[in-house]
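Given only the sequences and the hints, what does the whole structure look like? Please build it.
So the sequences go chain by chain: A and B. Going by full-length UniProt numbering, the first sequence runs without a break in its numbering and finishes at 297. Going by full-length UniProt numbering, the second sequence runs without a break in its numbering and finishes at 344.
No lab work stands behind these hints: they were computed from the structure. Only a predicted model underlies this, so the values are computations on that prediction, with no experimental measurement involved. Beta carbons are placed, not taken as given, at the ideal position from N, Cα and C, and that holds for glycine. It cannot be assumed that every hint is accurate.
The following label-pair restraints were derived from C-beta to C-beta distances [claimed, not checked]:
1. B:W236 with A:L12: 25 to 31 Å
2. A:E120 with B:R183: 41 to 47 Å
3. A:N60 with B:V184: 47 to 53 Å
4. A:E120 with B:V184: 32 to 38 Å
5. B:N82 with A:N60: 48 to 54 Å
6. B:Y133 with A:L16: 16 to 22 Å
A few chain A residues that face chain B, going by a derived Cβ cut-off under 8 Å, partial list only [said to hold, decoys possible]:
7. I122
8. G216
9. T224
10. P253
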Amino acid sequence: MSRRSEGAVKLLKELLFENKLTAVGLVGVIGFLVLALVEGVSLGRLTPYNPSAINLMEANLPPSPAHLFGTNFEGQDIFSRVLAAIPIDMGLPIIIVALSALIGLLLGSIAAYFRGVLDEAIARVTDVFLAFPGIIMALAVAATLGPSLINATLAILFVWWPPYVRLVRGRALEVVSQDFISASKALNTRFPYILWRGIIPNVLPSVLVYATMDVGTALLSLSTLGYLGLIPPTRPELGSMVASIGLNLYTYPWEALLPAFVVFLIVLCFSLLGDGLREMLDVKVRPHILIREKVEE
Amino acid sequence: MTTPRELSLFLFKRVVSSIFALIGVFVIVFLVSHALSPDPARLWAGPKAKPSTIYAIEVRYHLNQPYPIQFYYFIKDYLTGNFGIDPLTGKPIAAEIGYYLPNTLELVLASLVIIVVLGVFLGYVSAVNFGGYRDAAIRVFYLASWATPTYLGAMLAVLGFATYLKLFPSGGMYSPTLTPPPRVTGIFVLDSLLSGNWADFSSGIYHLALPALTLAFLNFGIITRVARSSILEARWSPHVKSAAAKGLPTRTIRVRHILRNGLIDVNTLGAVMFGWLLSGTVVVEQIFGWPGIGQFAYSAIAADNYPVLIPVVLVFTVGVIIANLVADVLYSVLDPRIRLGGGR
Numbered sequence: 001m002s003r004r005s006e007g008a009v010k011l012l013k014e015l016l017f018e019n020k021l022t023a024v025g026l027v028g029v030i031g032f033l034v035l036a037l038v039e040g041v042s043l044g045r046l047t048p049y050n051p052s053a054i055n056l057m058e059a060n061l062p063p064s065p066a067h068l069f070g071t072n073f074e075g076q077d078i079f080s081r082v083l084a085a086i087p088i089d090m091g092l093p094i095i096i097v098a099l100s101a102l103i104g105l106l107l108g109s110i111a112a113y114f115r116g117v118l119d120e121a122i123a124r125v126t127d128v129f130l131a132f133p134g135i136i137m138a139l140a141v142a143a144t145l146g147p148s149l150i151n152a153t154l155a156i157l158f159v160w161w162p163p164y165v166r167l168v169r170g171r172a173l174e175v176v177s178q179d180f181i182s183a184s185k186a187l188n189t190r191f192p193y194i195l196w197r198g199i200i201p202n203v204l205p206s207v208l209v210y211a212t213m214d215v216g217t218a219l220l221s222l223s224t225l226g227y228l229g230l231i232p233p234t235r236p237e238l239g240s241m242v243a244s245i246g247l248n249l250y251t252y253p254w255e256a257l258l259p260a261f262v263v264f265l266i267v268l269c270f271s272l273l274g275d276g277l278r279e280m281l282d283v284k285v286r287p288h289i290l291i292r293e294k295v296e297e
Numbered sequence: 001m002t003t004p005r006e007l008s009l010f011l012f013k014r015v016v017s018s019i020f021a022l023i024g025v026f027v028i029v030f031l032v033s034h035a036l037s038p039d040p041a042r043l044w045a046g047p048k049a050k051p052s053t054i055y056a057i058e059v060r061y062h063l064n065q066p067y068p069i070q071f072y073y074f075i076k077d078y079l080t081g082n083f084g085i086d087p088l089t090g091k092p093i094a095a096e097i098g099y100y101l102p103n104t105l106e107l108v109l110a111s112l113v114i115i116v117v118l119g120v121f122l123g124y125v126s127a128v129n130f131g132g133y134r135d136a137a138i139r140v141f142y143l144a145s146w147a148t149p150t151y152l153g154a155m156l157a158v159l160g161f162a163t164y165l166k167l168f169p170s171g172g173m174y175s176p177t178l179t180p181p182p183r184v185t186g187i188f189v190l191d192s193l194l195s196g197n198w199a200d201f202s203s204g205i206y207h208l209a210l211p212a213l214t215l216a217f218l219n220f221g222i223i224t225r226v227a228r229s230s231i232l233e234a235r236w237s238p239h240v241k242s243a244a245a246k247g248l249p250t251r252t253i254r255v256r257h258i259l260r261n262g263l264i265d266v267n268t269l270g271a272v273m274f275g276w277l278l279s280g281t282v283v284v285e286q287i288f289g290w291p292g293i294g295q296f297a298y299s300a301i302a303a304d305n306y307p308v309l310i311p312v313v314l315v316f317t318v319g320v321i322i323a324n325l326v327a328d329v330l331y332s333v334l335d336p337r338i339r340l341g342g343g344r
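Okay, structure coming up:
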């Protein structure tokens, strides 16, 4: 077994057995990922009913074995609608975070490696985007582009990437100041190679920890845009599903609360996992976890 | 320690870079909002407007001019402190912001107080019981609150405490039968207190409680996390050990050596959170019927009303920038090891 895969197995063991909460998060995240993949790849075979079939004879039914989450005002099966929404509500936040991390890795490393004018320029542009009032700006951009899933994703990406540039730049500055980078430079290695083999492998762990928690936060923002009407209610998205219930909330609360609760569950799993990862790698707390282990042994 | 000279140099640098950021935000908001609608005059004038009315609006808002000229007019007006007239209501935009912003400030400040008290308390309990079941329970609690979408939290609060239990009103800022106090700060609770109007004050607090608690319960998690982490760091640091070795009572050590050091990060984070909450109240305001600036911005976005949207976004941006500045200055005041503008 190679050293890298040994490390991965060790990390996985630690994640699963060191802290039960982290393990719950990991299992939950994997569960939702599998659910999203199967539902997405099979093009909706998992849903017991057609999520968009209208059946006014069975409108506003409470949860029952036939309709696990009940039905909405148009008689659509809410459980099927939630299942159909999971690939979107899992996939889009992951895409937002992955693209933000990519932008951050590129701009942050360039800023840290080249310093000078380039660093200053990237810092100024990042400052502008950091100064935006987050959700308001995403709302404005989404409204400009028009209500749709892709536009809501772009709007969130618009305000999402700046923290990654800051994070990567900070970490990359530490890496770049080390001897192996200077040695590499002295050997006349080009920047793309240094970036790929020197900077990214050393910066990636902190980015991944931050990103894990951030997927949940991105889902919160995405579904908020949906809730505020920036995603058309015809698309299966959990936030817009909640909003489409409207004043029925007071008479048939489960119609809004159950889809919202699924958002909560997904975000909770990512948070448990992300928080556990952060604590494991946190230089402040980490030594005390190790010391405690020693003492208890 | 940061000397006064360093502090003023730092402030000067920050103000300059903030102005740069503000101009950048302005340009981007201008571009985004002008791409928003190809024919805003028709929209603002209403469906049955005469062509002459539409033309008058176009002239008034310089819509028939090219973008650079429109941009110039915006800059010129804003520099002279003129935010213009809301094309939909016909009221001065500055007055509208002056009405909505204090309402949001009331909500945000009230929940910020709850957030800091609750966050620090739980962070402290968590750190003192590090690794125990209380620590784990608090962790689940703050992660769950963090993971709750704002609309879910606000809907549950309204359904549970207003509709079913009827403990709190379900919306509004004060009972509509009361006459509001004379406006001094614009913040209802503060104004009624200043004018000694107890009926208004209690009604204001009564209406403020549920939305402020909701906002606080959805956002205290980060404070708890940071408080826990820095209290843990302080708890194991050498100066605490030496204090214990001197034989100081545990209580004194906890308050003066551990808590005090643990609170430095919380102070700065609280300032950052203020800016963050300010623009993050849209959903809470909507569900609780709170007439705040978040709703105002949302309605401006929905109506393609960019003469309103641009100044509102600028107000938010200034809020974020000031909050970050306060955070940095607080940091240097509270932690003598940090030197602003020096070193780095």
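For each hint, the structure was consulted:
| no. | hint | result |
| --- | --- | --- |
| 1 | B:W236 with A:L12: 25 to 31 Å | holds, 29 Å |
| 2 | A:E120 with B:R183: 41 to 47 Å | holds, 45 Å |
| 3 | A:N60 with B:V184: 47 to 53 Å | holds, 49 Å |
| 4 | A:E120 with B:V184: 32 to 38 Å | violated, 44 Å |
| 5 | B:N82 with A:N60: 48 to 54 Å | holds, 52 Å |
| 6 | B:Y133 with A:L16: 16 to 22 Å | holds, 20 Å |
| 7 | I122 | violated, 13 Å |
| 8 | G216 | holds, 6 Å |
| 9 | T224 | holds, 6 Å |
| 10 | P253 | holds, 6 Å |
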